[in-house]
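Let chain A serve as the given structure and place chain B on it in line with the hints.
Protein chains: 2
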Amino acid sequence: MDIDVLVLDVNETLTDLEPLRDRFAQAGLPRESLDVWFAATLRDGFALTAAGAYAEFRTIGADILTELLGVSDEEVVNEVLKGFTTLPLHPDVAPGLTRIHEAGIRIITLTNGSAAMSQQVFADGGILDLLEHRLDVGVPQRWKPHPDSYRHAADVCGVPVERMGLAAVHPWDIDGAQRAGLTGIHIDRRKTPYPKAFRTPDVTVPDFQALAEALPAKES
Amino acid sequence: MDIDVLVLDVNETLTDLEPLRDRFAQAGLPRESLDVWFAATLRDGFALTAAGAYAEFRTIGADILTELLGVSDEEVVNEVLKGFTTLPLHPDVAPGLTRIHEAGIRIITLTNGSAAMSQQVFADGGILDLLEHRLDVGVPQRWKPHPDSYRHAADVCGVPVERMGLAAVHPWDIDGAQRAGLTGIHIDRRKTPYPKAFRTPDVTVPDFQALAEALPAKES
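Protein sequences appear in the order of chains A and B.
If you read the first sequence in our numbering, its first letter stands for residue 265, the second for the next number, and so on.
If you read the second sequence in our numbering, its first letter stands for residue 265, the second for the next number, and so on.
The following block holds chain A by itself, in its conformation from the complex:
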């Protein structure tokens, strides 16, 4: 795997969403409803992208929460979504990315969420200074896995998509990146059978420390 830029997905790939379950419970929802909320939020974001349209992650996330609650309650919705600004990073992220950065590989984030929402999370987790850019899909107005989202990242970095690798836990993201011309890197935190509907990842590693070992250092 020979890449110049490592593109990181954020939610679940870098951050651990588990603490959000407490906020769902405080809102009176079952703790398990985090799972249907996240799947449905992505579902509706992808639907708009497939239809040629766009809405912000926050708007859709609030819509789905409102549907789960059965009523509009802006205060409760805000309290749940605020949880995204205080999530922990998975323990392998900071040591792995530090080594990848030291090896001379440029690192950026590309999220369907808001780039601003995770600034404090990255600062607290000790990786903010390792990130050359923190991008979201607000500029291309197409959610990942639409090819324009990945091309936007390549444009910002001034490299062809073929010089980039996209690392994610989500098969739909890895698959879309590969179709757009990037190297797809599966961070296999879940250990469940890989879905057949998506292309096989170019690279699979258990976590970011293993990825650091797999990436050759760049000549500087």
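Careful: at least some of the hints might be erroneous.
One copy or any two copies: either way a pair holds, since identical chains are not told apart in the list.
As the list claims (entries may be wrong) - Straight line, CA to CA, 16 Å or less: simulated EDC-like cross-link-like pairs of lysine to aspartate or glutamate:
hint, residue 1, residue 2
1, Lys346, Glu282
2, Lys482, Asp268
3, Lys460, Glu331
4, Lys460, Glu320
5, Lys460, Glu338
6, Lys455, Glu331
7, Lys455, Glu320
8, Lys460, Asp337
9, Lys346, Asp466
Don't read these hints as lab results, they were simulated from the structure.
If you're wondering where the values come from, they're calculated on a predicted model, not measured in any experiment.
What follows is chain B alone, placed relative to chain A:
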């Protein structure tokens, strides 16, 4: 609302998915996991569509079930998915569609699932003879809400999209149909606040009997 062809979504709009919860329980999964399964199946189908690709509903549905189970077990997966062939129709569907058919409006179905999978359900529910076509997205190879899926239905019927109305319980479907030029009809079975990320439906009715009252008879 002046339309020549009524296009019906199938899953949840015509059929009641609730009996599937028993099959999830028999497979050792929580009954509530039907909700995350359905959301995640649509999520991955829409993701492939957004990336310019395609897989069958059954393939993706089996992938998501496998992920929920944590292991590959083809027999268990088949047993759960077989439930789609024996679902009941919502009680308003047959009387409502009968009246709409009698009023001279052409009726078709358009599903992201397989058209074959619901033939017996429609026969048992007494609506099979009312349906001029039963379409799925296998021909356009784009899931709803991609505009090509709705255009395919218009091509088969030989009418412009503007002469069609799409009826669904799902905001993403109604929104996509409206963006493609159809009249969007919201069958509001859920009574939850309508999501802000999507366009307001052209028409909202509580069920198909109310829709039959709202549709003017065609001159024949």
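Looking back at the numbered hints, which does the structure fail to meet, lowest number first?
The structure conflicts with hints 7 and 9, although it agrees with all the remaining ones.
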